[in-house]
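There are 2 protein chains.
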Amino acid sequence: MQVLKSYLCGEWVSGEGAGQTLYDPSTEEALGTTSTEGLDFGAAREHAITKGGAALRAMTFAQRGEMLLALSRAIHSKRDELIEIGMKNAGNTRSDGKFDVDGASGTLAFYGEFGKSLGDATFFTDGDAINLGRSSRVSGQHVLVSRRGVAVHVNAFNFPAWGLAEKAACALLAGMPVISKPATATAMLTAKMMEALVASGALPDGALQAIVGPTGDLIDRLGPQDVLAFTGSGATGAMLRSKKNVIANAVRVNVEADSLNAAILGADVERGSETYQLFINDVARDITQKAGQKCTAIRRVFVPTAMVEAVNEDLVERLYGTVVGSPFAEGVTVGPLATAAQLRDVRVGLELLVKSGAKVLTGGSAAVQGKGAPEGKGFFVAPTVLFAEDPHAASAVHEHEVFGPSTTVLPYKTADECIALVARAGGGLVSTVYTDDRAVSAELALGIAAYHGRVCIANGRMGSGWLGPGTVLPSLLHGGPGRAGGGEELGGVRGMGLYLQRAALQGYGPLIEGAVANARKV
Amino acid sequence: MQVLKSYLCGEWVSGEGAGQTLYDPSTEEALGTTSTEGLDFGAAREHAITKGGAALRAMTFAQRGEMLLALSRAIHSKRDELIEIGMKNAGNTRSDGKFDVDGASGTLAFYGEFGKSLGDATFFTDGDAINLGRSSRVSGQHVLVSRRGVAVHVNAFNFPAWGLAEKAACALLAGMPVISKPATATAMLTAKMMEALVASGALPDGALQAIVGPTGDLIDRLGPQDVLAFTGSGATGAMLRSKKNVIANAVRVNVEADSLNAAILGADVERGSETYQLFINDVARDITQKAGQKCTAIRRVFVPTAMVEAVNEDLVERLYGTVVGSPFAEGVTVGPLATAAQLRDVRVGLELLVKSGAKVLTGGSAAVQGKGAPEGKGFFVAPTVLFAEDPHAASAVHEHEVFGPSTTVLPYKTADECIALVARAGGGLVSTVYTDDRAVSAELALGIAAYHGRVCIANGRMGSGWLGPGTVLPSLLHGGPGRAGGGEELGGVRGMGLYLQRAALQGYGPLIEGAVANARKV
Numbered sequence: 197m198q199v200l201k202s203y204l205c206g207e208w209v210s211g212e213g214a215g216q217t218l219y220d221p222s223t224e225e226a227l228g229t230t231s232t233e234g235l236d237f238g239a240a241r242e243h244a245i246t247k248g249g250a251a252l253r254a255m256t257f258a259q260r261g262e263m264l265l266a267l268s269r270a271i272h273s274k275r276d277e278l279i280e281i282g283m284k285n286a287g288n289t290r291s292d293g294k295f296d297v298d299g300a301s302g303t304l305a306f307y308g309e310f311g312k313s314l315g316d317a318t319f320f321t322d323g324d325a326i327n328l329g330r331s332s333r334v335s336g337q338h339v340l341v342s343r344r345g346v347a348v349h350v351n352a353f354n355f356p357a358w359g360l361a362e363k364a365a366c367a368l369l370a371g372m373p374v375i376s377k378p379a380t381a382t383a384m385l386t387a388k389m390m391e392a393l394v395a396s397g398a399l400p401d402g403a404l405q406a407i408v409g410p411t412g413d414l415i416d417r418l419g420p421q422d423v424l425a426f427t428g429s430g431a432t433g434a435m436l437r438s439k440k441n442v443i444a445n446a447v448r449v450n451v452e453a454d455s456l457n458a459a460i461l462g463a464d465v466e467r468g469s470e471t472y473q474l475f476i477n478d479v480a481r482d483i484t485q486k487a488g489q490k491c492t493a494i495r496r497v498f499v500p501t502a503m504v505e506a507v508n509e510d511l512v513e514r515l516y517g518t519v520v521g522s523p524f525a526e527g528v529t530v531g532p533l534a535t536a537a538q539l540r541d542v543r544v545g546l547e548l549l550v551k552s553g554a555k556v557l558t559g560g561s562a563a564v565q566g567k568g569a570p571e572g573k574g575f576f577v578a579p580t581v582l583f584a585e586d587p588h589a590a591s592a593v594h595e596h597e598v599f600g601p602s603t604t605v606l607p608y609k610t611a612d613e614c615i616a617l618v619a620r621a622g623g624g625l626v627s628t629v630y631t632d633d634r635a636v637s638a639e640l641a642l643g644i645a646a647y648h649g650r651v652c653i654a655n656g657r658m659g660s661g662w663l664g665p666g667t668v669l670p671s672l673l674h675g676g677p678g679r680a681g682g683g684e685e686l687g688g689v690r691g692m693g694l695y696l697q698r699a700a701l702q703g704y705g706p707l708i709e710g711a712v713a714n715a716r717k718v
Numbered sequence: 197m198q199v200l201k202s203y204l205c206g207e208w209v210s211g212e213g214a215g216q217t218l219y220d221p222s223t224e225e226a227l228g229t230t231s232t233e234g235l236d237f238g239a240a241r242e243h244a245i246t247k248g249g250a251a252l253r254a255m256t257f258a259q260r261g262e263m264l265l266a267l268s269r270a271i272h273s274k275r276d277e278l279i280e281i282g283m284k285n286a287g288n289t290r291s292d293g294k295f296d297v298d299g300a301s302g303t304l305a306f307y308g309e310f311g312k313s314l315g316d317a318t319f320f321t322d323g324d325a326i327n328l329g330r331s332s333r334v335s336g337q338h339v340l341v342s343r344r345g346v347a348v349h350v351n352a353f354n355f356p357a358w359g360l361a362e363k364a365a366c367a368l369l370a371g372m373p374v375i376s377k378p379a380t381a382t383a384m385l386t387a388k389m390m391e392a393l394v395a396s397g398a399l400p401d402g403a404l405q406a407i408v409g410p411t412g413d414l415i416d417r418l419g420p421q422d423v424l425a426f427t428g429s430g431a432t433g434a435m436l437r438s439k440k441n442v443i444a445n446a447v448r449v450n451v452e453a454d455s456l457n458a459a460i461l462g463a464d465v466e467r468g469s470e471t472y473q474l475f476i477n478d479v480a481r482d483i484t485q486k487a488g489q490k491c492t493a494i495r496r497v498f499v500p501t502a503m504v505e506a507v508n509e510d511l512v513e514r515l516y517g518t519v520v521g522s523p524f525a526e527g528v529t530v531g532p533l534a535t536a537a538q539l540r541d542v543r544v545g546l547e548l549l550v551k552s553g554a555k556v557l558t559g560g561s562a563a564v565q566g567k568g569a570p571e572g573k574g575f576f577v578a579p580t581v582l583f584a585e586d587p588h589a590a591s592a593v594h595e596h597e598v599f600g601p602s603t604t605v606l607p608y609k610t611a612d613e614c615i616a617l618v619a620r621a622g623g624g625l626v627s628t629v630y631t632d633d634r635a636v637s638a639e640l641a642l643g644i645a646a647y648h649g650r651v652c653i654a655n656g657r658m659g660s661g662w663l664g665p666g667t668v669l670p671s672l673l674h675g676g677p678g679r680a681g682g683g684e685e686l687g688g689v690r691g692m693g694l695y696l697q698r699a700a701l702q703g704y705g706p707l708i709e710g711a712v713a714n715a716r717k718v
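Going down the list, the protein sequences come from chains B and U.
Just so you know, the first sequence maps onto residues 197 to 718 in this note's numbering.
Just so you know, the second sequence maps onto residues 197 to 718 in this note's numbering.
So here's chain B without its partners, still in its complex pose (with noise of 0.2 Å):
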């Protein structure tokens, strides 16, 4: 069995004790363990600021960017690999595990590149200089500049390599030094492509840590100038938000929790269109990709009332072809989910759904056998649509993700009944209108739009260039209100902003000037 390491103030360690087990969710075979009991957070922290902050703040935006490149390349050389851990220790099949290399490769690409085009600066201004008084010699002028502390990021166990990456994207590019904890279940992806990036040498000393495992007495340490990123579970969510040093400190958290995203049928399209074809298609695609464990999942379909059948009919019929089981099964389209807790957690979220009104169309909470598991082993759901009725007495449908193969139809009648069904799931990441009609994509999408950090209008007029709302872009925000934690993730420079302080400098103009004379405007 293999034993994970960490990698703290340069070096790569382990803690003491058995610590925890990680297994391949298809089979429920033990594959490696990990501990990092005893290990000094303390120092890391400290590491991170005295060494990785100074070091990134003193190279210019261009050389971040070049660092970015740099470990892009490194994930992408182990592409296969990693692709093949990803399949072993988190239930991807192999397109579902390129989702994930490839988003973590593709997003520090991106930020690499958009650090080059920033150039020479360190910092941003923000905004013009204003004047002040009648003339330019009391003025006002914005930055943005690196915070002076470390971030710690808590990514999900659903996307291993992306969910380092994408984070760690945005602070580095700020300047800022990152601390980053997968979740223990899927970890040892992210402790390969962790090696890689390290042997890449691109990596200033303390710029990036990796914690496989428990973060011990870290997130209790951090201050006024740190950063807590977190994606997961509501709940835990809420725990690091409340915590004492955190509140005091104003340390800044950035949570990107529980979604009830929705796909929304305009009432104008027909069936069997090309745009009712695509809408079909994302919904299947968001049941079957990575056994629905995205945070981006459609998890609510609205359809007008007199094309509930119709959609009925299709989602299930699409579904008829796909095959449950082990990612080295030959044919298999659907992995497991990663952890036993994982598939409870599914199932009894299922049972809740069908005891809200929502009646099962197929698949279900029922024990799959999957394709090349052995006997009664693996975690394994069946792709699952369920039909709610009454949209409104419904409310788990509205108010519990079930986290995994699962989507609920509803019947809509007016657009503003549709927008205040869709506003009943509190804030969420992504929704999407299907239409071709300019009224019923402004109204709706408008009308959902502060509900939700993203909306997408879709149609079949699109082309290749669309990727389904389930597929989270670096150049866009990625985050939403209420209860999808109320964080802003990536969207370019925005992304940044949770790394860098914004201050107003203000007085004599000309040493203004002069002290903002080398940095880039955002």
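Note that these hints are calculated values from the structure, not bench results.
Glycine included, C-beta positions come from ideal geometry on N, C-alpha and C.
Where hints are given, some of them may not hold.
As the list claims (entries may be wrong) - Simulated DEER-style distance windows between Cβ atoms:
id, chain 1, residue 1, chain 2, residue 2, range
1, U, 713, B, 660, 22 to 32 Å
2, B, 536, U, 441, 28 to 38 Å
3, B, 706, U, 291, 23 to 33 Å
4, U, 713, B, 659, 19 to 29 Å
5, U, 315, B, 313, 43 to 53 Å
6, U, 713, B, 572, 53 to 63 Å
7, U, 713, B, 616, 51 to 61 Å
8, U, 316, B, 616, 40 to 50 Å
9, U, 441, B, 313, 19 to 29 Å
10, B, 477, U, 713, 39 to 49 Å
Stated by the list, open to error - In the BS3-like style, the derived pairs of lysine-lysine whose C-alpha atoms are separated by at most 30 Å in a straight line are:
id, chain 1, residue 1, chain 2, residue 2
11, B, 201, B, 274
12, U, 247, U, 717
13, B, 247, U, 609
14, U, 439, B, 439
15, B, 247, B, 201
16, B, 312, B, 247
17, U, 440, B, 439
18, U, 551, U, 201
19, U, 551, B, 440
20, B, 717, U, 717
21, B, 573, B, 551
22, B, 567, B, 294
23, B, 551, B, 201
24, U, 312, B, 717
25, U, 440, B, 440
26, U, 609, U, 573
27, B, 551, U, 609
28, U, 294, U, 274
29, U, 201, U, 247
30, U, 247, B, 609
31, B, 440, U, 201
32, U, 440, B, 312
33, B, 440, B, 247
34, U, 567, U, 555
35, U, 609, U, 567
36, U, 312, U, 274
37, B, 609, B, 567
38, B, 312, B, 294
Guided by the hints, dock chain U onto chain B, whose structure is given.
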């Protein structure tokens, strides 16, 4: 005795029971009472969301701007009466009162004009459209839209006029309805101002409500689209931030709290120079204005070791002519603290600084008889300068804000040492570097920027456009990281961000273009 009223659901109401008593802090005479017991805050929140929010979102930025200008005029037309109430109930000198009341009307006017400049749009686009495919058929466009909840504003006792206005200006222009709660002790001015705002007829039903007294269960009712903005002590800010529903719903919270603002005399500045005089003037003003009860007041004065003797001498000399007493007595330049509790806190705080190694050069914690006040009455403190010979040992000077007419001089040897000492406050609102030297200003100002929301570079060449660091301008950011609460207010459009949800629109280019055709670029 006057019985103050709250303005909720379009009506002037008072609660049950005796409520709280408001005093004249110069005479300790009771002036009025207020109670909010039994008022229906759930109904007020609903009223704001359903009536006020809908009405504001239907208005263009220009129309919201006109509304703010009308509110500004309504305050200005009652200027003398409002200043008089502030002298009576808040202990403001006439000059302090102008600072508060003109700050209120000025900030509303600034945002009114800004709104007019934004024209007929109702929401913003943020950045340009991004091509996501090979053509513009698939594109991305970030927008900023009004959040669909209510903005609850909890203000501090020191600016009963400006506090309401500066927060409300940003929220109303962003299209969010406001429920504002002034600090009870000094709320007579706010209540009178609120009368003028309502009487102006400029406010749509539900756009602005005021709670004069405790907020009951209002904060516990806040949901995922709501915003909570608080100015006051770090302890209360932490309490609000820790609330279960605030955390569970990711209610947006903005806190503006304690701050140990610094003034740094550059090593290049000679005694008697214009820059030196400006420095002495600014420090002295921040001790005396509002009796030092400004969150932006200079609490720590960093001086090159060689200049300490001169600065101590000149500061003490400068304060020699100040007269402490009732704002209604002739010649008084420093009014009382606002409440008995503040007086207790300031005395305890001064003793803490002394215990920590600071020496009183003038003033101190002893009882003071105010000019024009009845014998032994009134919450007076003498303008106080302390000196801490060992700036590293004097922890309390960096950590405990004495919210009264007091500052502490600290010596420094090198720029690096000075930056490290400034940083020991754990984040602040504003600090100022006094220098004529380009290298000194760039090193110190950028060195401390990450710890602040505003950094000033001041010298004798600025002329009349300089109002000192203690004046918060609507065009520049107000807030700061860490101990200062981590908030961002004002700064033009930046302060509106708290009330706007950023969302990425993604998908079919022509439909996205259509949806944002009437938006205004931020």
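The hints, checked one at a time:
Here the CB-CB span from residue 713 of chain U to residue 660 of chain B is close to 26 Å, well matched to the stated 22 to 32 Å. For residue 536 of chain B and residue 441 of chain U, the hinted distance range of 28 to 38 Å is satisfied, since their beta carbons lie about 32 Å from each other. In this structure the supplied range 23 to 33 Å holds for residue 706 of chain B paired with residue 291 of chain U, their Cβ-Cβ distance being about 31 Å. Separation of residue 713 of chain U from residue 659 of chain B is about 23 Å and conforms to the stated range, judged on CB atoms against 19 to 29 Å.
Under the hint 43 to 53 Å, the C-beta atoms of residue 315 of chain U and residue 313 of chain B, about 31 Å apart, miss the expected range. In this structure the supplied range 53 to 63 Å holds for residue 713 of chain U paired with residue 572 of chain B, their Cβ-Cβ distance being about 58 Å. A hinted range of 51 to 61 Å is violated for the C-beta pair residue 713 of chain U and residue 616 of chain B, which are about 25 Å apart. Hint check: residue 316 of chain U to residue 616 of chain B, Cβ distance near 27 Å, so the stated range 40 to 50 Å is violated.
Checked against the given bound of 19 to 29 Å, the beta carbons of residue 441 of chain U and residue 313 of chain B, roughly 43 Å apart, lie outside it. For residue 477 of chain B and residue 713 of chain U, the Cβ-Cβ distance of about 29 Å falls outside the hinted range of 39 to 49 Å, so the restraint is violated. Simply put, residue 201 of chain B and residue 274 of chain B have alpha-carbon atoms about 18 Å apart, close enough for the 30 Å limit, and the pair holds. Under the criterion of a C-alpha separation no larger than 30 Å, the hint pairing residue 247 of chain U with residue 717 of chain U is consistent with the structure, at around 27 Å.
Between residue 247 of chain B and residue 609 of chain U the alpha-carbon distance is near 24 Å, which keeps this suggested pair within the 30 Å criterion. Note on residue 439 of chain U and residue 439 of chain B: the hinted pairing holds, with a Cα-Cα distance of about 12 Å set against a maximum of 30 Å. Of the pairs offered as hints, the one joining residue 247 of chain B and residue 201 of chain B holds, with about 21 Å between alpha carbons and a cut-off of 30 Å not exceeded. Restraint check for residue 312 of chain B and residue 247 of chain B: the C-alpha separation of about 23 Å stays at or below 30 Å, so the hint holds.
A threshold of 30 Å between alpha carbons decides the hint, and for residue 440 of chain U with residue 439 of chain B the separation of about 12 Å falls inside it, so the pair holds. Taken as a hint, the residue 551 of chain U and residue 201 of chain U pair is broken in the structure, with Cα atoms around 44 Å apart against an allowance of 30 Å. Distance hint between residue 551 of chain U and residue 440 of chain B is fulfilled; the C-alpha atoms sit about 27 Å from each other, no more than 30 Å. Our distance criterion of 30 Å between C-alpha atoms is met by residue 717 of chain B and residue 717 of chain U, whose separation comes to about 17 Å.
A threshold of 30 Å between alpha carbons decides the hint, and for residue 573 of chain B with residue 551 of chain B the separation of about 27 Å falls inside it, so the pair holds. Simply put, residue 567 of chain B and residue 294 of chain B have alpha-carbon atoms about 21 Å apart, close enough for the 30 Å limit, and the pair holds. Between residue 551 of chain B and residue 201 of chain B, the direct Cα distance comes to roughly 44 Å. Violation of the 30 Å bound is thereby established for this hinted pair. A C-alpha spacing of about 26 Å is found between residue 312 of chain U and residue 717 of chain B, which places the hinted pair at or below 30 Å, so the restraint holds.
Restraint check for residue 440 of chain U and residue 440 of chain B: the C-alpha separation of about 14 Å stays at or below 30 Å, so the hint holds. Taking the CA atoms of residue 609 of chain U and residue 573 of chain U, the gap is about 44 Å. The hint is violated against a cut of 30 Å. Our distance criterion of 30 Å between C-alpha atoms is broken by residue 551 of chain B and residue 609 of chain U, whose separation comes to about 71 Å. Simply put, residue 294 of chain U and residue 274 of chain U have alpha-carbon atoms about 12 Å apart, close enough for the 30 Å limit, and the pair holds.
Only pairs whose Cα atoms come within 30 Å are accepted, and residue 201 of chain U paired with residue 247 of chain U is accepted, the gap being roughly 21 Å. Straight-line distance between C-alpha atoms of residue 247 of chain U and residue 609 of chain B comes to about 24 Å, which keeps the hinted pair within the 30 Å bound. Note on residue 440 of chain B and residue 201 of chain U: the hinted pairing is violated, with a Cα-Cα distance of about 37 Å set against a maximum of 30 Å. Distance hint between residue 440 of chain U and residue 312 of chain B is unfulfilled; the C-alpha atoms sit about 43 Å from each other, more than 30 Å.
Straight-line distance between C-alpha atoms of residue 440 of chain B and residue 247 of chain B comes to about 27 Å, which keeps the hinted pair within the 30 Å bound. A C-alpha spacing of about 26 Å is found between residue 567 of chain U and residue 555 of chain U, which places the hinted pair at or below 30 Å, so the restraint holds. At roughly 41 Å between alpha-carbon atoms, residue 609 of chain U and residue 567 of chain U are farther apart than 30 Å, so this suggested pair is violated. Our distance criterion of 30 Å between C-alpha atoms is met by residue 312 of chain U and residue 274 of chain U, whose separation comes to about 24 Å.
For a cut-off of 30 Å, the pair hint linking residue 609 of chain B to residue 567 of chain B is broken: about 41 Å separates their Cα positions. With a C-alpha separation of about 26 Å, the suggested pairing of residue 312 of chain B with residue 294 of chain B holds against the 30 Å cut-off.
In this structure, the hints that do not hold are numbers 5, 7, 8, 9, 10, 18, 23, 26, 27, 31, 32, 35 and 37, in rising order.
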